[in-house]
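These protein sequence lines map, in sequence, to chains F and Y.
Each residue of the first sequence is one higher than the one before, starting from 2 at the first, in my numbering.
Each residue of the second sequence is one higher than the one before, starting from 2 at the first, in my numbering.
Bear in mind the hints are in silico, worked out from the structure with no lab data behind them.
Accuracy of the hints is not assured; some may be wrong.
What the hints assert, rightly or not - Below 25 angstroms or equal to it, Euclidean Cα-Cα: the simulated SDA-like pairs (lysine to any residue) are:
#  : chain 1 : residue 1 : chain 2 : residue 2
1  : Y       : Lys8      : Y       : Lys149
2  : Y       : Lys19     : Y       : Gly72
3  : F       : Lys149    : Y       : Met121
4  : F       : Lys145    : Y       : Ala43
5  : Y       : Lys8      : Y       : Ser42
6  : F       : Lys149    : Y       : Lys19
7  : Y       : Lys145    : F       : Ala131
8  : Y       : Lys149    : F       : Lys19
9  : Y       : Lys149    : Y       : Met121
10 : F       : Lys149    : Y       : Gln31
11 : Y       : Lys149    : F       : Asp57
12 : Y       : Lys149    : Y       : Ala131
13 : F       : Lys145    : F       : Glu119
2 protein chains.
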Amino acid sequence: MTNIPLKIALGADHGGFKLKDVLVTWLRAQGHDVHDFGTNSADSVDYPDYAHIVCDAVLSGNAHYGVLVCGTGLGMSYAANRHAGIRCALVSETTSARLAREHNNANMLALGGRMIGEEMGIDILRVFLATAYEGGRHDRRIAKIQPKFQPNVKGEP
Amino acid sequence: MTNIPLKIALGADHGGFKLKDVLVTWLRAQGHDVHDFGTNSADSVDYPDYAHIVCDAVLSGNAHYGVLVCGTGLGMSYAANRHAGIRCALVSETTSARLAREHNNANMLALGGRMIGEEMGIDILRVFLATAYEGGRHDRRIAKIQPKFQPNVKGEP
């Protein structure tokens with residue numbers, strides 16, 4: 002399905018760094034090439050700073066996949082999916098992780114470090130990395146994800 | 002928390018229209034002003050078409066909140082969060098629905114019509130609509146969700 006080793010970029014805020022660190026350790030044990038963008042402590046940081054830098058790593062081709070962890074995964078998912086070309090799947094179980102790859106060719110995961118446990122996080126990542134995109138009718142839908150006209154790039158209201 | 006009646010726009014694909022219809026019925030029973038953008042059958046459609054039209058309703062001020070349902074909620078969440086000013090929370094339980102409002106001032110929900118049941122969907126929506134944004138430190142983070150530079154508006158690769 003996937004080539005080993007993969008280049009995988011990870012980022013987290015203070016609510017997600019513990020699960021992110023677990024995933025970094027697991028990915029390295031699998032032989033993957035891991036770029037850990039932090040954060041690496043419980044000191045309060047802003048999740049979008051980490052979301053955007055990991056998106057840049059994926060969009061530039063420096064990483065095959067990106068993984069973002071905050072308290073719920075929600076903030077990371079809004080910020081990452083702002084980027085054309087990023088399909089960041091916020092999931093809390095393995096079925097959605099599989100479908101994110103099969104149907105959406107998702108290239109990033111968002112996880113909730115305060116919502117799911119370590120074993121679930123590892124299983125989600127394992128399934129995500131092991132699942133191939135199905136293509137077919139899903140190509141047309143993916144092509145429509147980006148709005149034709151950016152309705153508002155002034156920033157958040 | 003919220004004023005009654007609220008104006009709420011809903012959209013779904015063929016994997017989400019059944020749950021969407023349950024939510025439309027529930028919202029109308031609560032006295033809300035509902036705009037149902039469809040789809041209204043199991044005939045195959047493309048989820049981004051419905052995501053973008055509901056986002057437009059929210060961004061234009063014609064709706065206070067938007068609700069999107071596809072099979073997993075994933076496709077809807079990528080498409081909706083492409084729009085600056087939309088914070089579309091993909092959730093499968095009520096804790097995340099509460100935190101999406103308290104921490105993110107989320108203005109849209111994405112739900113998985115093939116992942117959660119009707120009662121869970123109603124409870125998620127009930128909690129979402131009843132919960133106020135906390136403001137404070139979260140304002141700064143929300144302001145950072147939109148990337149400063151749109152890195153790629155050419156469309157999906």
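Checklist entry - Is the straight-line distance between the alpha-carbon of Lys149 (chain F) and that of Lys19 (chain Y) 25 angstroms or less? => result violated, 28 angstroms
Item to check | Restraint status (C-alpha distance of Lys149 (chain Y) to Asp57 (chain F) at most 25 angstroms) | outcome: Cα-Cα ~12 angstroms, so holds.
Checklist entry - Do the alpha carbons of Lys149 (chain Y) and Lys19 (chain F) lie within 25 angstroms of each other, as the hint requires? => result Measuring from Cα to Cα gives roughly 28 angstroms; hence the hint is violated.
Checklist entry - Taking only the CA atoms, is the gap from Lys145 (chain Y) to Ala131 (chain F) under or equal to 25 angstroms? => result violated, 32 angstroms
Item to check | Pairwise hint evaluation, Gly72 (chain Y) against Lys19 (chain Y), where the allowed Cα distance is 25 angstroms at most | outcome: Satisfied, since the Cα-Cα distance of roughly 10 angstroms is no more than 25 angstroms.
Item to check | Holds or violated: Lys149 (chain Y) to Met121 (chain Y), with C-alpha atoms at most 25 angstroms apart | outcome: violated, 37 angstroms
Next on the checklist: Run the distance test for Lys149 (chain Y) versus Ala131 (chain Y): straight-line Cα separation, threshold 25 angstroms.
Outcome noted: It is violated: about 32 angstroms lies between the C-alpha atoms, which goes past 25 angstroms.
Checklist entry - Are the Cα atoms of Lys8 (chain Y) and Ser42 (chain Y) separated by 25 angstroms or less? => result Distance of about 23 angstroms is within 25 angstroms: holds.
Next on the checklist: What's the verdict on Lys8 (chain Y) and Lys149 (chain Y), does the C-alpha distance respect the 25 angstroms limit or exceed it?
Outcome noted: violated, 31 angstroms
Checklist entry - Holds or violated: are the alpha carbons of Lys149 (chain F) and Gln31 (chain Y) at most 25 angstroms from each other? => result Not OK: Lys149 (chain F) and Gln31 (chain Y) at ~35 angstroms, beyond 25 angstroms, violated.
Checklist entry - Do the alpha carbons of Lys145 (chain F) and Ala43 (chain Y) lie within 25 angstroms of each other, as the hint requires? => result The given pair, whose Cα atoms are some 20 angstroms apart, holds under the 25 angstroms limit.
Checklist entry - Does Glu119 (chain F) lie within 25 angstroms of Lys145 (chain F) when you go C-alpha to C-alpha? => result Violated, at about 34 angstroms.
Against the hints set out earlier in the document, violations occur for numbers 1, 3, 6, 7, 8, 9, 10, 12 and 13.
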